[in-house]
Amino acid sequence: MIVTGIEVSGVGRFRGGMRLSGLGPGVNVLAAPNEAGKSTLFRAVRTCFFQKHDAQSQPIRNLASHDAQLPVRIRVSFRFGGHDYTIEKSFLRSPQASLVRDGAEIARGRQADEMLWEILGVSPGSGRSVDDAAFGLLWVGQTKSFGFEAPEGSAADALNAVIAAEVGGVLGGERARSVLAKVKADLAALETDTGKPKAGGPLKAAHDEVERLRAEEAEVSGKLRDLEQAFADLDQARAELARLNDPTLRGELEEGLALARLSFDEAKASAGLLLQAEALEREARARTDAAQAAWKGLQDAAERVAAARAELAGLDERLAELETASAAGQGGVDAALRDVSGIDASLSALARRAEALGRLEQAIQAGARLRELDERRARAMELRGRLAAIAAEVAGIRVTAAKLAEAERLERSVLEAEARREAAAPRLTVALEPGAAGRILVGEEPLGADLSRAVLESLTLTIPGVGTVTVNPSVGGAKAGAELSGLRRDLDAALARMGAANVGEARAALRRREALAREAEGLEAELARLSPKGAGAEDGLARLDADIARAGALVASALAESGRAALPEADEVALEREAAQREEAELRTRRDRAAAALERVRSEAGRLASALSEVRGRRHGVEQALAVALRSAPDETRDADLARLLAAREEAAAEALRRQDDAARRRNATPSQEETRARELKVQRLIQALENHDGRRNGLLQAVAGLEGGIMAAGGDGLGERLAALSDARELAERELARRQEEAASLRLLRETIQASLDAGQERYFAPVRRQLKPFLGDLFPDADLDLGDGFQPSGLRRASAVERFDLLSDGTREQIAVLVRLALGGLLAARGEPVPLILDDALVFSDDERIDLMFNALSRAAESQQVIVLTCRTRTFAPLGGRVLRMEPVPEPA
Amino acid sequence: MIRFIHTADWQIGKVFRRFGDREALFREARLAGIEAIGRLALAEGVRHVLVAGDAYDTETPSRTTLLAPLERMRRFSGVTWHLIPGNHDPHRPKGLWDTLLAEGLPANVRPHLAPVPHELEPGCFLLPAPLTRKSEPNDLTLWMDGAGTPPGSVRIGLAHGSVAGFSSEGEAGNPIDPARPIRAGLSYLALGDWHRTLSIGERCWYAGTHEPDRSGGQEQGKALLVEAPGATAAPRVAEVPVGTYRWLTRSVSLRGEEGLGDLEVLLHAVDDASRVVLCLEVEGHVSVRGRTRLDGILERLEAAVCCLDADLSGLRTTPSPEDLEAIDFDGVLRRVAGSLQERLADPALPPFDRRVAEDALIRLHLLAGEAAR
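Chains as they are written, first to last, in my numbering: chain A, 1 to 895; chain B, 1 to 373.
Source of the hints: derived by calculation from the structure; they are not laboratory data. Remember, predicted model here, so these are calculated numbers, not experimental data. Glycine included, each C-beta is placed from N, C-alpha and C at the ideal position. Accuracy of the hints is not assured; some may be wrong.
[Stated by the list, open to error] Pulled from the structure, derived: some chain A residues nowhere near chain B, Cβ distances all over 12 Å:
no. : residue
1   : 528
2   : 692
3   : 697
[What the hints assert, rightly or not] Straight-line C-alpha distance at most 20 Å; calculated EDC-like pairs for lysine to aspartate or glutamate:
no. : chain 1 : residue 1 : chain 2 : residue 2
4   : A       : 182       : A       : 759
5   : A       : 182       : B       : 370
6   : A       : 223       : A       : 235
7   : B       : 134       : A       : 233
8   : B       : 134       : A       : 226
9   : A       : 296       : A       : 636
10  : B       : 134       : A       : 235
11  : A       : 184       : B       : 370
12  : B       : 134       : A       : 708
13  : B       : 134       : A       : 228
14  : A       : 198       : A       : 209
15  : A       : 268       : A       : 278
Use the sequences and the hints to build the structure in full.
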């Protein structure tokens, strides 16, 4: 379709009528300022195409000129399918419609509306805004160029028809989506997105019901098992009870118990008799023992009397012998003691002699020491004298290093002052001619030779016969002389303080003082060495004196003790000591022998004394024992008592023998303790068995009663019937659960299969669009590809294998791509022979100069197959687009 | 001569939860069967009904279940009901039977809890063999061989168990020598445990249950009307229907939609449908559209009979070209249908997965139809 003419009146600002001229194939550009009515004009075109002429919708009323009483009249001419058509509609007032083909009116009114739609192959207006209605996709309205609205209704049908004609079976997507939505809804009622049974849904309910019934069934089944066990236990208990109720069993136990008791009683009685017999046996044996003891006691006493008397006699003899020997032994001891005492006295005298020798030796050593001390003292005294002399000499020397240095300094100053005075003084030089010697007087002295000297003070030359020549020193020389005099005084004073005539003398005095100091230091060191250790320099001499006094006293004492006038030689004393030592050795040998002899006689004497004491003690003890024995067995009655007690002993022994025989007989007739205990245990065992029997029977009676009660109670619960009902219900619930699970599986399979098919179909579906899009896209984005989603919505731009989300692209890029997609869809329709105009209303506002130039190329390419109408207020920018220039011309009022 | 009714395996209290709201009907029917037997006794002038075990389904029934059959029997005061415990309700101390005795039984109800001869009528003795446990390894009818009765007496054995060498439906062993009538000189041995009416010999019968509880067995419950002319003469036995419901089993094989017509015929051929429990096994294959039609037929069938238990596990739904076109001529859904069809026909897939694919395809068919509308 190519729009060839547009004319309106009563529309917006075009109250009086306006015609758009210049329309034709290819690019058409209507450049006009804002609010010139461009958009209104094309809204009117769409209204004319897609709205019934008698419609009263708000968009149509919005089209009408303000306060106009005129109808909204729109007339559009177009070429379609080889024919020229004109559709003219009047809206709102006096609505009418007329469709003209190739100059002849072919329909009018409603028929014109419908025939137009039939020709265009679109659905009638749905009442929606015409901007969104069929073919709206190719009209890029103001502010609509950024995005892309999915084609709907007729537009979608038309595109689908075109694509389907090309790629075949890609149809049914909408139905598939509809079915898919239903499948998802059905599945969502059963399970969650994660595949779990949905709370409140039938699958979850079936699942819960199965779990509930299984739990309940398990509980009832458990109770039934318990009941079954109770039956078994009751069976067993009853069988055992029947056995226990058997009277034979209990009778055997009772009879056994009676016999056991009888046997045990017999054993107990026999044991009692045995105890009595044994008691009598023990008593008889005790009496026999007592009689024996009485006889034996008396017999022993008699024997002790006889023995004591015999021993006393022997002891008396031994005592006499011992007393004699003891007296002799004591004499030997006394003699030996005397020997030892004599030797000890000699040893003591010898010891004293040795001590005296020792002291003499010490005195000899002290004498030698005394000489040495005297020498040291003399030297010390000498040193002290010399030190005193040095000290006196040093005291006389007043020169010190400082004073000397001061004098030396003054001396140098004097010399310097003299040099300066001489340098500053006039110089008198007299050269004598031969024969002139002595003819001139210098002062008073005749000059004998040439003279050259500084005049330090007024000098008078007298030349006899000539006169006198006086030479005076200069003023500076006088000053120098005064300074020199001052310095010399100072020097003299300094020398006087040191007691020296000149500096050299002072220097010598200082050297002497230093030499004396060094000597004194050496002397003091020697003096210190002479002093006793630990003594200082001061008390050294006193200590020496004390040492000398002690040594002298020692020597004097030794001389006095020995009665000698002088100390002997040491060798002499040594000889005396050796002689004393030999004598001591001999004495000690003798003493050892004497001591041994003394020990021997003392030991013998002790032994005799001990034996004597022992014999005396023994004799005393025997005398006491004899007295005791005689008290038990007096001599007077002893023999008669012995005879009496012997007879009593014999009688008791006979009685004991009889009792022993009786007890032995009883013992043989009595069961042993083990046997009696065994009989007792048997009685206890049988009593216990009977108690056990009765207890077990009673217990079983109670158990049976309990089991019977439990069984009756459980039976009354109808457990078996409940279990059967639960099993049935559980199986039913499990079948329902399986059915629901199968239903969910079926829905999942259907959902996944439909989704997979949709995904595969979409790629095929988009293929023709991509092919159309490719050259347009290549104009602006070389090597790029576009991802499309539902309704041809661009979703991403692929460049260099990276995908950029469409909604994150810049405004300009999004606008350009959206326009390009429309161009591609338009191209798709045009390729099918159904071209539709593409209208761009103030689009491409965000494109830069380079991009807009490329977009112009794309529009020109599109215009080869479809009409492109561009509405813009940017005349200069769109000038390079070229194309047909459209003009809005007022329509003259009809005459 | 003596005439009596032989019945068994009432299993009062049996649950039928799997039949949903029909359960109460089936439970009541088992009690109604007692009344039918009572009425039969009255009609035939019979004074004794021998119940050969398993009067109760469990030895621990609910109290109502325990009392309900007693009250039904009490109404027929001219008839004495002789009961022995079976493997479902064995006599154990303080068990069901002791409870009944403690409760106080109707005068015309006579439980036989010990192997002791009981004189039914002069010269006619009942030799009961009650079970005292669920599974008895010994033949409890052995005692009948030596049971003392006056010479010339008619001896009627009453027992519950499995005839040796005979495959019983019952769970218990409880062996019974089929030669027992000969060995014990019985005129008739009334047996229970087998739920179908069955003659083991001219003197030995299983009465079968009076009201079936499952398909594949006896269609309708029966009782046996027995006439024992004398101690040695063979008894005359007549089978009499007493059950309320008929348990029918039918199989239908579908090859496409052709077999659906048979089902329609079946739908109209069932007599007294409201008392029919129909177990329907459908196998073969059917198209999706046919499956939809089948579901419609089954709905109507279910509405017609007392209870329908349709087993479609042997039926495969295979989409026809028309089914696929109904989903879509082409496009996404058609491809989805094709994919599901492939899974459906893939023998390598487990049966569950194939069944899921089948269900998904049927579901797709329905949803696509809805979407088209």
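Now for the hints, and whether the structure bears them out:
no.	hint	verdict
1	528	holds (128 Å)
2	692	holds (25 Å)
3	697	holds (17 Å)
4	A/182 <-> A/759	holds (18 Å)
5	A/182 <-> B/370	holds (10 Å)
6	A/223 <-> A/235	holds (18 Å)
7	B/134 <-> A/233	holds (16 Å)
8	B/134 <-> A/226	holds (16 Å)
9	A/296 <-> A/636	holds (18 Å)
10	B/134 <-> A/235	holds (14 Å)
11	A/184 <-> B/370	holds (15 Å)
12	B/134 <-> A/708	holds (18 Å)
13	B/134 <-> A/228	holds (11 Å)
14	A/198 <-> A/209	holds (14 Å)
15	A/268 <-> A/278	holds (15 Å)
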